[in-house]
Amino acid sequence: MSQINAYRRKFMATLGGVAVGGLASSVILRTVQAGDVPAKPADQPVSNQVRWGMLIDVNRLTDGGASMVEACKREHGWGNDPKARPEQQAQWMRTVKVTDKLTKYSFTLPVMCQHCEEPPCVDVCPTGASMKRADGIVQVNKHICIGCRYCMMACPYKARSFVHESLTDQRPHSPRGIGTVESCNLCVHRVDQGQLPACVEAAPNAVIFGDLNDPNSRISQAMKALGGSQIRADLSLNTGVRYLGL
Amino acid sequence: MPLLSHIKSLLGLVLLATLLVGCDAGVPEPNLAPAKAKAAQCVEPTADMRKNHMVYLDVHRDKTVIEGIRTNKHSLNECINCHVVPTREDGSAVHYTDEKKDHFCASCHTYVGVKLDCFQCHADRPQIVENINYQHKLSSNTYHLSAQSVQPDMNDLLWLSQSQTQGATQ
Amino acid sequence: MSSKTMVYSELHASKVYYFILGICLALVVLGAFSFFHLEHEGHYVTGMNNQVVWGLPHVFAIFLIVAASGALNIASIGTVFRKGLYQPMGGLSALLAIALLLGGLAILVLDLGHADRLIIAMTYYNFKSIFAWNIILYNGFLALCILYIWTMQDRKMKVLYPYAGFFAFSWRLILTLGTGSIFGFLVSRAYYNSAMIAPLFIALSFALGLAVFIILLFFVYRLDKRELGDLVLNRLRYLLAIFVAAAMFLELARHLTALYIAQRHGVEQFILLEGGIYTLLFWIGQVLVGGLIPLSLIFCRALKNNHWSLLLASALVIVGGFAQLYVIIVGGQVYPLELFPNAEVQSSFFDGEIHAYAPSVWEWMLGLGGIGLALTIYFFGMVALRFLPRSLADTEVEAS
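Chains as they are written, first to last, in the numbering used here: chain A, 1 to 246; chain B, 1001 to 1170; chain C, 2001 to 2400.
If you want a taste of the chain A side facing chain C, the calculated C-beta under 10 Å gives, among others: (1) Q89; (2) V111; (3) I146.
Note that these hints are calculated values from the structure, not bench results.
Ideal placement from N, C-alpha and C gives every residue a C-beta, glycine not left out.
Bound-form chain A, shown alone (with noise of 0.2 Å):
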């Protein structure tokens, strides 16, 4: 137990210390965390020096993430297609209850694409629809994506959704459509403009987003000093979503 206290202080310790509550200090967390995600100019592309990643402390969700799920909902406009089963909804994200077989220890944690580097959805689709940006996020270009969902075979996460229906009036910058799979992308129409994705301000104080190139940024201070371990690490796909506390 008291190493856990000992990492939660350290947490806390690399987040800055920022209160929380409120309006007011979430504009706080918004100015301190800008530094996360240094705006790109609209017109230049996105550079490979970047990776993008996300470090999710489980003890720190009050919720298990719940709240995250709930943000990435409203902003994509996934999860109440008119027509679809219950199995046939998409889920980017979802929060997954862990119990040990044989200790009983129990934890819940948020799970969506966690954007490997060797990312096998990538490797198996025909198109090249399932693809990977520069800087390291991985997501659909539904442009060309056929439909065939060997990506969501692929899959160790079970990350990807195929939307089975028609949709109307999506999210202006979130498009999504019959016919196609969809996934996590980590808010790319965020972060291009120099935002947080939606679900890492939807959990401010167990979230850390930003650079895993930039050895000085706060998700890799945050990670040298706490670890940050892979769900399936045995696949070694080299997530760039990492967690504290599995």
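Knowing the structure of chain A, use the given hints to seat chains B and C on it.
Same frame as chain A, but now just chains B and C:
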């Protein structure tokens, strides 16, 4: 070759039927009013746009998705924001699939019979609930795109505070 | 070539023939109807979902594609291994291969979320994807089969016949390796990720292709009242036995391997013991109906030279092979992905649960449509060109 003759006669029948139907229906009148309304303010000359809008969109879409270049000039979202009115006077939503064909893109695409599949994924009208200032004003009476990127900060903050109060109540 | 005395002719287009062609076309219409429905409504009308992403249409499609590469074996044995007895059936075998492949590909393509973007699949290639390679392999296979038939039918091209045969044979082996690797390369799925899948698919293709070939050969010769002797049928009979045994052997090896890997115990226990319909399909469908019964039918001395027992055995091999592919494709997906070893997981996205899949009528229609298309091409081809040896009676075959 009895099989061949069967096929021939069948083909003939189908051809005749399509011809007859085609003649009967006539050419429907296009509704170009929405398209013409804002032609003068477009990011490219009208004649160029008429001919090449799909090329501009195609080039821009790859730049955006693959390279993350998010300029406004040839962005489909901005076309929609400027050219499509979200609702009719009676309050009903304007969609490209509507029978009335008063959606900016549909008015012409239906007439020339070219399939539009942008809007299978993209929103086909401005989402006013999300962003009240969806059109960028240059001055008090011109609605056009500024060279600068969008700054939806106020909205965002509003949204953030909402999510926090929600988190508190849970 | 030893078949100098062999005379070939077109299939006589009788009333029964048109009746059969009509049934096949009706199936094609059903499939087309299903396609337009899926294209218009979206995949929510099917039983497939975000857990079981490939369903019955893929079972049909992979069955036909695998059988297609196997169907070409008769021609290959004649050309590459120079067995004179098989040479007269070479053209028929290549025709069947083309027909089955087109039927299977049609299902695969029409089930895509965006079948209208087929041109993208043909113009954008990710060469790291085994799926993209398969697109090239399928097209190449079709081209080679057509070339192969050409060298058989045109005297001027005869010089190329052995080369075409050899290339077609090599290509088909690679093609089935590719089809198997679609599953074998999936690192995340415990039931698939194995090098054994590719050779298993090859063995399976030998068995399925031959079974389909035997049934259709027998049926067509009956239809056209041509002679088909014991010599040919008995050769095919024992060949079938070898292929079925090989497929069973590789499946056994695959499961034994998995049983030695603790990580795979869960999925093996599911398929072999607790999987309900999948366990039933595995033991009854695949092992008993698709393996043990056909083998006993073939090797039972009392049934020697009995055509009907061979036909029954072939039909059972087809049923068993279908069951096997269903267990592999659907059963392998129904078992949940393991995010955390040695832990139970629970979520709103069905993590850690056995997923449900029940094929809808649309999926059946699409699958049957593919079979209808394959048979239509096959029957039409036999009327259009001279594929059928006038007689395959023992005396004729021996003479040639």
